[in-house]
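Protein chains in written order, with the UniProt record's numbering: chain Y, 1 to 253; chain W, 1 to 333.
Calculated from the structure, these hints are not laboratory results.
Keep in mind that this is a model prediction, so the values were computed, not measured.
Check each hint, because a few of them may be wrong.
Simulated coverage check for chain Y against chain W, where a stretch passes if three residues somewhere in it have a Cβ under 8 angstroms from a Cβ of chain W [to be verified]: (1) 8 to 18; (2) 76 to 88; (3) 93 to 104; (4) 217 to 229; (5) 239 to 251.
Here are some chain Y residues the structure puts well away from chain W; computed CB gaps all over 10 angstroms [as the list claims (entries may be wrong)]: (6) Asp29; (7) Lys121; (8) Gln122; (9) Ala128.
By construction, the Cβ of each residue, glycine as well, lies at the ideal position given by its N, Cα and C atoms.
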Amino acid sequence: MKILVGVKRVVDYAVKIRVKPDKTGVIKDNVAHSVNPFCEIALEEAVKLKEAKKASEVVAVTFGNAKSLESLRTALAKGADKAIHIECDDKTADKLEPYHVAKALAELVKKDKYDAVFLGKQAIDDDANQTGQLLAGFLDWPQATFASKVGPSDGALIVTREIDGGLQTVKVKLPAVVTADLRLNEPRYATLPNIMKAKKKPVEKLTAEKLGVDLTPQTEILEVTEPPTRQAGGFVEDVPTLVKKLKEKGVVA
Amino acid sequence: MFSPKTLFFRSFGSIQKRLNSTLVIAEHDDQALGAITLNTITAAQKIGHEISVLVAGANSKKVAEQAAKIPNVKRVLVAEDAKLKDLLPERVSEVVLDAQKKHNFTHILAGGSSFGRGIVPRVAAKLDVSPISDISDVHSVDTFSRAMYAGNAVAKVKSNAKFKLITVRGTAFEASANDGGSASTEAAEVGNINTDISEFVSQELSKSDRPDLQTAKIVISGGRGLKSGENFNILYELADKLGAAVGASRAAVDAGYVPNDMQVGQTGKIVAPELYIAVGISGAIQHLAGMKDSKVIVAINKDKEAPIFQVADFGLEADLFKAVPEMTAELGK
């Protein structure tokens, strides 16, 4: 099984983001970035399948500006065999929609045969939760989203999914798209020797044009604003006071 | 009084109204319509077109009757077929596409639940359009608001896609009334469904007598501070006294104290109850994303510096193992 894994470079999850004063987006310059946590989990699962000899090759792909190469190097250091960088300029990168990314991934899959594509369930910047499902739709492949357990089974994957009311297990025939939820695994850290080795692993450069993907935006961002801020109400001294205040507010009987 | 121009636009507006229509994909369990569908109907009403509801499933008639009673719903499309049992996205999407072919909807909406998120983008791909996730407001037929960056930024977006494929944040819209309407019901086409590529194996749903987390008026959540799954019992006791649902932070889920479907946050459930009580939760960005639209927030934590206190209306700096039982007792008085 040859697995393609999508990784996205995003503003680090611990950063308290700030909106640009001109309301065109959020401030990304001089802000710590890292690989989207869900992508790390998807990658870890693919690498584990390779280590268990259930997968033959793991290819990491990213679609983004020159700096996105860092995410690919991280993926290579964590065990991907090779990487593909679909490169674009900063301005284009800012306007990429999951639709465009999924289109590009679909073209990659058509160009070179993969048995599965592993993605994170959502990117923590746009919070869209779309790319995996869009890709499955473009390819007409089955989808196993929000995976918390993945087991290969004779030309198929048995996937346990995190759904609203609990857990659901489905069997999807390969080729398939899987999107990783938080509970799928604990991603490993890249060791220094592996980081050094990763520098020698191949990175193929591509562009949307070469893949024949039209990047015309379908969604225009009119403005980005801060959400209304909440004012902290302060402390109450003890439980009886707390209960009294909640009763006054009418939120408890 | 009216210039010819206004008159032109007025009549044009009424023609538009007939051409434009919205499909809401109903969520259900063969027995009852999912609560989030009613919130989605309200979002659809804000868009302002004629509303159709699609009920797909192995047993959809009973749910279709419920959908037909929702005010402002014009038409209920009922797709009933054994192949639609368990609502696999590969299969339900095909039914949505058949309905789209026949009725040519301009907008297709579903709730932003695991069901809706599974289907809407897949249908969008097949219609070759870019979808919009988790909208929290409707400004016009093509302009919506949605949260990004764990709710730390709100984007106002305009969709130029030829069809608008949308998931709706349930907590951002009031639930529509579920009685008083009289929609017509018609059978929807169930064409060629490929059952070969995916199949349902099993399901393990968490059982609870408490109200549903996403629609409860009061939510009590526990975090790492609870120290064990057993200790969650003190929250259950308080919850039962208040008729509340119980949620959790990611730390509590990861530590195995409670199942994952109780997680509140950016990647768990989004809640906006009248009262949210955070117990032993520090208040990481990712947790706040799931609860900061609650009307009243109470935080109980022994760390005075915990970020949760910055959003709490009432903060209690105390040992939760003393404060929570005391609160349960105080409320019993």
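The region 93 to 104 of chain Y covered by chain W? Criterion: 3 or more residues, Cβ-Cβ distance below 8 angstroms. With 5 residues in contact (Cβ-Cβ under 8 angstroms with chain W), the coverage given for the region 93 to 104 of chain Y holds.
Classify the label on Gln122 of chain Y as holds or violated, using whether its beta-carbon is more than 10 angstroms from each beta-carbon of chain W. violated (7 angstroms)
Tell me whether the statement that chain W covers the region 239 to 251 of chain Y is true, taking a Cβ distance below 8 angstroms and needing three residues at minimum. Since 8 is at least three, the answer is holds.
Okay, the region 217 to 229 of chain Y and chain W, do three or more residues pass the C-beta test at under 8 angstroms? It holds, with 11 qualifying residues against the three required.
Quick check: the region 76 to 88 of chain Y, covered by chain W? Criterion 3+ residues, Cβ under 8 angstroms. Not satisfied, violated; 0 residues make the cut.
Taking 8 angstroms as the Cβ threshold, is the statement that the region 8 to 18 of chain Y is covered by chain W upheld or broken by the three-residue rule? It holds: at least three residues are needed, and the region 8 to 18 of chain Y offers 5 whose Cβ sits within less than 8 angstroms of chain W.
Can we confirm that no CB of chain W comes within 10 angstroms of the CB of Lys121 of chain Y? Violated: least Cβ distance 7 angstroms, not greater than 10 angstroms.
Just checking, Ala128 of chain Y versus chain W, shortest CB gap more than 10 angstroms? violated (5 angstroms)
Minimum C-beta separation from Asp29 of chain Y to chain W exceeding 10 angstroms: can you confirm that? At roughly 16 angstroms from the nearest Cβ of chain W, Asp29 of chain Y sits farther out than 10 angstroms, so the non-interface label holds.
Hints 2, 7, 8, 9 from the earlier list are contradicted by this structure; the remaining hints agree with it.
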